[in-house]
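K.L.:
Numbering-wise, the sequence shown is residues 60 to 270 according to our numbering.
Derived from the structure by calculation, the hints contain no laboratory data.
Since this is a predicted model, take the numbers as computed values, not measurements.
Some hints could be false.
Below, simulated PhoX-like cross-link-like pairs (lysine-lysine); rule was C-alpha separation at most 20 Å, straight line [claimed, not checked]:
| # | residue 1 | residue 2 |
| --- | --- | --- |
| 1 | LYS199 | LYS189 |
| 2 | LYS104 | LYS61 |
| 3 | LYS176 | LYS189 |
| 4 | LYS61 | LYS176 |
| 5 | LYS191 | LYS176 |
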Amino acid sequence: MKLYVFPPSPNARKPMFVAHHLGLEHDTEIVDLSSSAQHAADYAKLNPNEMMPTLVDGDFVLWESNAISQYLCSKSASQTLFPSDPKSQADVNRWQCWELAHWAPACGSLVFENMVKALFGDTSGPDPEKVKAGEQQVHKYAAVLNQSLAGRQWLVGDEVTLADISTGVFVTFAAPARLPLDGYAEIQRWYSQLEEIDAFKATLPQMPALE
């Protein structure tokens, strides 16, 4: 198997975590978004969206981070990241869908404005209107996440699952992206648990130094 990833990306980190956590043998190839490697013709043949991550397993090619994460779980009979129980599995799916539809766009807007623009040499600075809109969206969905975590260790069941990983990878950028999460105690508690997991530590992106 080969994973095509750009490690700073939260979406790349999801399957990287799963592969590491489950001890799956795989090769890694970096798709450097800063040099537009995702638009190269050879890579576009694998992923017509010209985005990453992408998984190649023999003649099977799969893109979309959450789909890749679920597929990787199928490689380990003893894994618990993606439960086999129908209700628990549906619950994990629910949170992964929520992340894609709501959490990632909200957090991603601030990641882009407050972090990525500067890293890619954009000297215009954060757009105040987009930052304000992003902060409002983060508050809206952080409240949902925070309430859902109250009284429970993890989002689904008694063990960490893909639900936690898919949502938690964005919290990693809370400081450099200035995500307004300080007032959400349950999210802080939950994320501190994620930080103790070996695979989460191993796939931690280097935090950029930004003013």
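K.L.:
Now, for every hint given, state plainly whether the structure supports it.
P.N.:
Each hint tested on the structure:
1. LYS199 <-> LYS189: The hint holds at about 15 Å.
2. LYS104 <-> LYS61: 15 Å, holds
3. LYS176 <-> LYS189: At roughly 13 Å apart (the allowed maximum being 20 Å), LYS189 and LYS176 satisfy the hint.
4. LYS61 <-> LYS176: 29 Å, violated
5. LYS191 <-> LYS176: Distance ~16 Å between LYS191 and LYS176 Cα, so the pair holds.
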